[in-house]
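Each chain, letter by letter, is given below.
There are 2 protein chains.
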Amino acid sequence: MFKVEEASTQEKSGIKFNVTERDEYVIIEFELDKPLTPEELRGIKPPSTPIGKGVVLSGRAPIWLYAYLIHHYHPTTFIAVYDPRIGAIVTESHTPKYRVGDILKL
Amino acid sequence: MFKVEEASTQEKSGIKFNVTERDEYVIIEFELDKPLTPEELRGIKPPSTPIGKGVVLSGRAPIWLYAYLIHHYHPTTFIAVYDPRIGAIVTESHTPKYRVGDILKL
Numbered sequence: 001m002f003k004v005e006e007a008s009t010q011e012k013s014g015i016k017f018n019v020t021e022r023d024e025y026v027i028i029e030f031e032l033d034k035p036l037t038p039e040e041l042r043g044i045k046p047p048s049t050p051i052g053k054g055v056v057l058s059g060r061a062p063i064w065l066y067a068y069l070i071h072h073y074h075p076t077t078f079i080a081v082y083d084p085r086i087g088a089i090v091t092e093s094h095t096p097k098y099r100v101g102d103i104l105k106l
Numbered sequence: 001m002f003k004v005e006e007a008s009t010q011e012k013s014g015i016k017f018n019v020t021e022r023d024e025y026v027i028i029e030f031e032l033d034k035p036l037t038p039e040e041l042r043g044i045k046p047p048s049t050p051i052g053k054g055v056v057l058s059g060r061a062p063i064w065l066y067a068y069l070i071h072h073y074h075p076t077t078f079i080a081v082y083d084p085r086i087g088a089i090v091t092e093s094h095t096p097k098y099r100v101g102d103i104l105k106l
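Protein chains in written order, with my numbering: chain F, 1 to 106; chain P, 1 to 106.
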């Protein structure tokens with residue numbers, strides 16, 4: 001779906017992150033090779049993101065993985081969650097350019 | 001599933017929160033009367049929680065609603081997300097008593 005600029009697989013958890021950089025945000029897509037276990041959350045190293053950009057999270061995964069990533073990316077400029085039916089929905093923002101509830105067409 | 005101690009329905013969004021207090025955390029269950037729209041996120045007023053307690057989130061809802069609530073409850077002692085197959089999984093914590101990946105049996 002997105003052009004992949006950086007990809008990494010983390011062996012223990014079987015999670016793969018694909019990172020695509022855009023002007024104002026990075027799209028972080030993730031895939032799971034196998035069902036994730038809760039304790040594997042502790043070993044996940046989410047990709048770093050450029051200062052001053054937002055983050056769009058996308059992937060089929062348990063809500064608790066999203067919760068972990070949302071906490072991790074809290075310091076970024078904004079966070080949006082991609083919903084295939086709608087687009088990427090802004091859920092928190094530290095900039096007036098992006099408001100909660102805004103929809104980004106990726 | 002939980003004993004409900006406090007319930008409220010927010011008319012515009014059709015979201016209903018049920019709050020159940022336990023010793024160390026509160027369980028916040030939510031239900032949607034109708035599909036939520038992204039802009040309705042802006043009008044949601046999540047229930048307040050006691051200082052010093054964690055929060056367990058539970059409900060069938062879009063991931064972006066969870067994302068919004070996870071951001072909202074970031075200042076609480078910890079956050080866990082209930083997964084019916086597993087239990088409530090801790091996804092962030094400010095106390096050594098609860099670690100990321102811990103599972104609470106409610």
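Just so you know, these hints were derived from the structure itself, not from any lab. Computed from a predicted model, the values in this text were never measured in an experiment. Certain hints may be false.
Stated by the list, open to error - One-sided excerpt, in silico: chain P residues whose CB lies under 10 Å from chain F: (1) Asp33; (2) Thr37; (3) Pro38; (4) Leu69; (5) Ala80.
For every residue, glycine included, the Cβ atom is placed at its ideal position computed from N, Cα and C.
Consistency of the hints with the structure:
Evaluation of the P:Asp33 hint against chain F yields a violated restraint, the C-beta minimum of about 19 Å exceeding 10 Å. Interface restraint check: P:Thr37 against chain F, minimum CB-CB distance 8 Å, threshold 10 Å, status holds. Using the Cβ-Cβ criterion of 10 Å, the hint placing P:Pro38 at the interface with chain F is satisfied: the shortest such distance is roughly 5 Å. For P:Leu69, the suggested interface contact is upheld, since its CB lies about 9 Å from the closest CB of chain F, less than 10 Å.
A cut of 10 Å between beta carbons decides the hint on P:Ala80: the least distance to chain F is about 8 Å, and the hint holds.
Violated hint for the displayed structure: number 1, the only one.
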